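Heads up: the protein sequence lines correspond to chains X and W, in order. With the first letter of the first sequence counted as 1, position 75 gets the number 917 in our numbering; the numbers rise by one all the way through. With the first letter of the second sequence counted as 1, position 283 gets the number 1125 in our numbering; the numbers rise by one all the way through.
Just so you know, the hints here were simulated from the structure itself, not pulled from any lab data. Each hint should be verified, as a subset may be incorrect.
Note: identical chains are not told apart, hence a pair may lie in one copy or across any two.
Below, in silico cross-link-like pairs of lysine-lysine (DSS-like), each with a Cα-Cα straight-line distance of 27 Å or less [stated by the list, open to error]: (1) LYS1035 x LYS1127; (2) LYS883 x LYS919; (3) LYS1037 x LYS918; (4) LYS1119 x LYS1109; (5) LYS855 x LYS845; (6) LYS1119 x LYS918; (7) LYS855 x LYS868; (8) LYS919 x LYS845; (9) LYS845 x LYS1119; (10) LYS918 x LYS1127; (11) LYS1059 x LYS859; (12) LYS1127 x LYS883.
Keep in mind the model is a prediction, meaning the values are calculated, not measured.
There are 2 protein chains.
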Amino acid sequence: MKKRIFGHIPDVKVGDKFNNRDLLSKAGVHGPTVAGISGSKYVGSDSIVLSGGYEDDEDFGDVIIYTGAGGQNSKKKQVADQTLDSVNLSLAKSKTESLPVRVVRGHNHKSEYSPKSGYQYSGLYLVEDYWKEVGKAGYIIWRYRLVSFDSSAPTTEVNEPPADYVDPKRKSSSSNKIVRDYQKALNVKNWHKYKCQVCGLAIETSAGLYAEAAHIKPLGEPHNGPDSEHNILCLCPNHHVMFDNGGFTIADDFTLIGLPGELTQVKVHKVDIRFIKYHREHYYKNT
Amino acid sequence: MKKRIFGHIPDVKVGDKFNNRDLLSKAGVHGPTVAGISGSKYVGSDSIVLSGGYEDDEDFGDVIIYTGAGGQNSKKKQVADQTLDSVNLSLAKSKTESLPVRVVRGHNHKSEYSPKSGYQYSGLYLVEDYWKEVGKAGYIIWRYRLVSFDSSAPTTEVNEPPADYVDPKRKSSSSNKIVRDYQKALNVKNWHKYKCQVCGLAIETSAGLYAEAAHIKPLGEPHNGPDSEHNILCLCPNHHVMFDNGGFTIADDFTLIGLPGELTQVKVHKVDIRFIKYHREHYYKNT
Chain X
843 MKKRIFGHIP DVKVGDKFNN RDLLSKAGVH GPTVAGISGS KYVGSDSIVL SGGYEDDEDF
903 GDVIIYTGAG GQNSKKKQVA DQTLDSVNLS LAKSKTESLP VRVVRGHNHK SEYSPKSGYQ
963 YSGLYLVEDY WKEVGKAGYI IWRYRLVSFD SSAPTTEVNE PPADYVDPKR KSSSSNKIVR
1023 DYQKALNVKN WHKYKCQVCG LAIETSAGLY AEAAHIKPLG EPHNGPDSEH NILCLCPNHH
1083 VMFDNGGFTI ADDFTLIGLP GELTQVKVHK VDIRFIKYHR EHYYKNT
Chain W
843 MKKRIFGHIP DVKVGDKFNN RDLLSKAGVH GPTVAGISGS KYVGSDSIVL SGGYEDDEDF
903 GDVIIYTGAG GQNSKKKQVA DQTLDSVNLS LAKSKTESLP VRVVRGHNHK SEYSPKSGYQ
963 YSGLYLVEDY WKEVGKAGYI IWRYRLVSFD SSAPTTEVNE PPADYVDPKR KSSSSNKIVR
1023 DYQKALNVKN WHKYKCQVCG LAIETSAGLY AEAAHIKPLG EPHNGPDSEH NILCLCPNHH
1083 VMFDNGGFTI ADDFTLIGLP GELTQVKVHK VDIRFIKYHR EHYYKNT
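Isolated chain X, as found in the complex (with noise of 0.2 Å):
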């Protein structure tokens, strides 16, 4: 099982140089040695290279919009469509999971913030968007807008998913262990395997599924509920603004009150219920 960090490398700093793509992928900042693209399509993209090799690439420093990967022949001239699939879904999917990513540029990429020879840490950027297009060359590719963001995020560590990740017939996997927060919500979206804990609905995307990992006693001020998986509930949009909002809440015998039904669980995912009466007791308006 392949390790792919999220974030930060340790000892890696913004702006810290790398003379070729085998001390950058050594120093674990990007890990192929040719691809731009690092990542998967189960989990997500951590990091990326800028290096010329896509005519369409706009560099405006704190954003980048970025091309996909494919569609090139071996003179990197584009001569078919790119498709939303491998690498380049695997960034859509950070885009979808709110994953950050690592931004390199590369001396053979045209743009003011190059460095002169060699390959540059650029620091962390989140995909906020992705979309297809007609390129330069007359032909479809994927197209990314990188936006540069607060980098003192924390460092997650993330094991590659088995190969049974997704086939549901196959015996489910809970090993990839991240640390810290991406892992524990994606914990608890792929114990439910991504449905609403009150609707059963995965949304779906052309980045795959969709749900949203609710804290049950909100993080932070004033509350300081933890960021653990007893504290997550794996949502639906719809069902986590009426959560936040007091559109509903849970019982103790995990029924739900202000809709019908009761929450759904699976056995490896053990709500707390004193996070569930923190709840009730501060945003349900009838209780």
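Got chain X sorted already, so can you dock chain W onto it with the hints?
Showing chain W alone in chain X's frame:
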């Protein structure tokens, strides 16, 4: 019809001082001369004053934990539970509509951020959370977490909706005018009575009905869609996520592609087919 202004008041700068509540009201910063919360439960709250009247208020500068109104006797002692109605509901509505709230600190408010005399405009805050708890006096109070945000947001004028605003049996009004974004989003939501144009659902929260204004051709680079009602749909959060992430799109005859059915429309809301086409060509995987 009373005019309510959201955002900064023209010519009033953050830090400006006012000797008394009458001058504060005349300047348009905070209308009521006694009440701490200015707002309508149908539209939202446009401003609050911190003046030491509520023992549970907490002030951390950029973050304020504010207490709702009500439940006090003539000596400002908490003697009864507060309810989520009237101006308290207006502050909750400001959360679900993401409206900016002007914050004013008075000399009576015990905080290092208070002026030594009179009242001082502290800028714009967003309501990030609202909940109830048992206050120091033993009665239920409603609380609001207000967080300072970049105050370059445009000023928005809102006219109070007429009384029939929330009564579907009476004649519906489309005459409430807001300058810029808030008004346009609100217009579209009101025209559809907060019902999703895809599924017909209006999300219920303790702050009232909830819907999202979804831009069809996205705002900003490189799409540069206009902030116009012709480019906005009223969607539930689920269909907003799906729409923005290629889960479905719309044909020129307004039938849905990727989902069964067709877009629900109302006469007053004209959706521009050119923006629909842009979305279809750029966001849907299979067209």
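Here is how each hint holds up against the structure:
no. : hint              : result
1   : LYS1035 x LYS1127 : between (31 Å within a copy, 23 Å between copies)
2   : LYS883 x LYS919   : within (25 Å within a copy, 59 Å between copies)
3   : LYS1037 x LYS918  : neither (41 Å within a copy, 49 Å between copies)
4   : LYS1119 x LYS1109 : within (20 Å within a copy, 46 Å between copies)
5   : LYS855 x LYS845   : within (21 Å within a copy, 52 Å between copies)
6   : LYS1119 x LYS918  : neither (59 Å within a copy, 31 Å between copies)
7   : LYS855 x LYS868   : within (15 Å within a copy, 52 Å between copies)
8   : LYS919 x LYS845   : neither (33 Å within a copy, 59 Å between copies)
9   : LYS845 x LYS1119  : neither (37 Å within a copy, 41 Å between copies)
10  : LYS918 x LYS1127  : between (60 Å within a copy, 24 Å between copies)
11  : LYS1059 x LYS859  : neither (42 Å within a copy, 39 Å between copies)
12  : LYS1127 x LYS883  : between (41 Å within a copy, 15 Å between copies)
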